[in-house]
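**Student:** So you can see what is in the structure, the chains are spelled out below.
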Amino acid sequence: MMKKSIKEIQDELIIEFSEFDDWVDKYTLIMSYSAELEKMLYEYKTDDILFKDCASKVWILIECKDNKVCFFADSDSMIIRGILAILQKILNDQDATEVVDGDIFFMKEIGMELNMPIERSKGIKSIIAYIKNEAREQCF
Amino acid sequence: MKKIFYDYNKTRNEFPFLNEKIYGKELIYFDNAATTQKPLCVLNAIRDTYIKSNGNVHRGNHYLSNIATQTFENARETVKKFLNARSECEIVFTKGATDSINLVASTYGRQFICEGDDVIVGQGEHHSNFLPWQELCKEKKAKFTVLPLNKDGTISLKLLSQMITERTKIVAVSHISNVVGCCNDIKAIADICHSRNIALIVDGAQAVAHIGVDVQKLDCDFYCFSGHKVYGPTGIGVLYGKQEILSIVQPFEFGGEMVDRVEFDTSTFADLPFRLEAGTPNYVGAIALAEAIQFVERIGIDLISEYEESLVGYICENISKTDGIILYGDYNNSKGIISFNLDNADAFDIGKLLDINGIEVRAGSHCAQPMMKHLNVEKTVRLSFGCYNTVSEIDLFLNKFEQIAHLLRG
Numbered sequence: 005m006m007k008k009s010i011k012e013i014q015d016e017l018i019i020e021f022s023e024f025d026d027w028v029d030k031y032t033l034i035m036s037y038s039a040e041l042e043k044m045l046y047e048y049k050t051d052d053i054l055f056k057d058c059a060s061k062v063w064i065l066i067e068c069k070d071n072k073v074c075f076f077a078d079s080d081s082m083i084i085r086g087i088l089a090i091l092q093k094i095l096n097d098q099d100a101t102e103v104v105d106g107d108i109f110f111m112k113e114i115g116m117e118l119n120m121p122i123e124r125s126k127g128i129k130s131i132i133a134y135i136k137n138e139a140r141e142q143c144f
Numbered sequence: 036m037k038k039i040f041y042d043y044n045k046t047r048n049e050f051p052f053l054n055e056k057i058y059g060k061e062l063i064y065f066d067n068a069a070t071t072q073k074p075l076c077v078l079n080a081i082r083d084t085y086i087k088s089n090g091n092v093h094r095g096n097h098y099l100s101n102i103a104t105q106t107f108e109n110a111r112e113t114v115k116k117f118l119n120a121r122s123e124c125e126i127v128f129t130k131g132a133t134d135s136i137n138l139v140a141s142t143y144g145r146q147f148i149c150e151g152d153d154v155i156v157g158q159g160e161h162h163s164n165f166l167p168w169q170e171l172c173k174e175k176k177a178k179f180t181v182l183p184l185n186k187d188g189t190i191s192l193k194l195l196s197q198m199i200t201e202r203t204k205i206v207a208v209s210h211i212s213n214v215v216g217c218c219n220d221i222k223a224i225a226d227i228c229h230s231r232n233i234a235l236i237v238d239g240a241q242a243v244a245h246i247g248v249d250v251q252k253l254d255c256d257f258y259c260f261s262g263h264k265v266y267g268p269t270g271i272g273v274l275y276g277k278q279e280i281l282s283i284v285q286p287f288e289f290g291g292e293m294v295d296r297v298e299f300d301t302s303t304f305a306d307l308p309f310r311l312e313a314g315t316p317n318y319v320g321a322i323a324l325a326e327a328i329q330f331v332e333r334i335g336i337d338l339i340s341e342y343e344e345s346l347v348g349y350i351c352e353n354i355s356k357t358d359g360i361i362l363y364g365d366y367n368n369s370k371g372i373i374s375f376n377l378d379n380a381d382a383f384d385i386g387k388l389l390d391i392n393g394i395e396v397r398a399g400s401h402c403a404q405p406m407m408k409h410l411n412v413e414k415t416v417r418l419s420f421g422c423y424n425t426v427s428e429i430d431l432f433l434n435k436f437e438q439i440a441h442l443l444r445g
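Sequences listed follow chains A and B, in order. Just so you know, we're using the numbering used here here: the first sequence kicks off at 5 and counts up by one. Just so you know, we're using the numbering used here here: the second sequence kicks off at 36 and counts up by one.
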């Protein structure tokens, strides 16, 4: 089956989140996604892949195979792990061109961008920019 | 829990903010170490001053200026009594505790620290009582010594005595830690400093709303605090300095109000405290701060202190039952603050999950990264109480926290 587009996946996520009014439910949903994020083994969590611009610790490893982007990530924050899992759902196995050009709007649309502390919100934006940049460098 | 006769409902009625809701939920405000909410008397003082008696202080001879000047100087007297300073000229109004410490570093520090001298700073300091000294030492090529702490976060008197050298000129410590709420023995520290002819500056930002402060008994050379942490407005703070020390301090900001005579070749400056208050002071802030102090005095600082200690005791007794909880500091010596972590959970996650439940706490390094090193963590969750917090708020917190802990364990 063909992978859904970056926009289609985000549209579905927005519908999923729109079922909840209470932020407690929205965050519970985000954290439930964290179960889908494979835990990175301790020995892989080196400073080389430690992402510097985030308020919590985040490790990211990005690969490009057959012009498709695949990233692995982990964090010591369950909320961030949930967001990383959602980003994986959106971006992994997408064509590198789609990843580089794709608009990642779900955070803004579900209101998370404003709800998060500014340093975290900036951190997520930096992670997305980093993935796009690595996709550009590794795949093209 | 010890029975304390304190009508907290009467206090709460003074704070309109406490009726606000966030995310549609009842607000519980446990971030008083960051800033406190304001009682009606403070809000009214700001409004009334602007509406009824707004004239620039110490300048005009018109009615409004006179009224504003009188009220402003009455505010100074209120602060003087609050700290039990000897004279009003020992009370300098600043923008806040950070501004006060920078003022001392930029005046007394620059005047008396020379190359090769030594400044000792406690490891538990807020960055505002750490960085001004670090920068001063860089500028003056002086030694910047960070004093390790006792396990509970207090200053070790023994270590302080050992680390003082012939070249030590200034010691800077906090009265109460903004991370774990521990209280330093300022009088004992002052005795050590003065026996070696060293000036002691005390950051009282976390103290004045929680314990009685008597600068004569403490015998420190400088003491400072921020208005907004004692139910007053932002943008106003206090520097207390012993008169004999302030009188030898040269002004470092120049402009209106601080001058005596201005001539083409040289100028002379006003007496204390005005020569350290260049420009139009935040007189409205000072007037409102005096209201805040009077509000605290109406309740009684000893009663507030006892009440907040009981809140800390209650929460510690209960939260310590949570699996995986790590409490920092010693809660028998905590003045209204607790810091903790939960297993391997991220402190930011706990803070955010409490926030969306209507409970406002602080998560992070609390502008005290050296203290985080002492605790061997990167961040903590901090709850800090004020005179309007209650046991039932703590019960609500404990209930939500248990749910959050369960969620974060997966």
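Some hints here could point you the wrong way.
Unchecked claim - Some chain A residues close to chain B (C-beta under 10 Å, calculated; not the full set):
| id | residue |
| --- | --- |
| 1 | 26 |
| 2 | 118 |
| 3 | 120 |
| 4 | 123 |
| 5 | 133 |
As the list claims (entries may be wrong) - Stretches of chain B that chain A covers, calculated by requiring three or more beta carbons in the stretch to come under 8 Å of a beta carbon on chain A:
| id | stretch |
| --- | --- |
| 6 | 195-201 |
| 7 | 230-238 |
These are computed hints drawn from the structure, not numbers from a lab. Ideal Cβ placement from N, Cα and C applies to all residues, glycine included.
**Student:** For each hint given before, does the structure comply? Return the numbers of the non-compliant ones in rising order.
**Tutor:** 2, 5, 6 and 7
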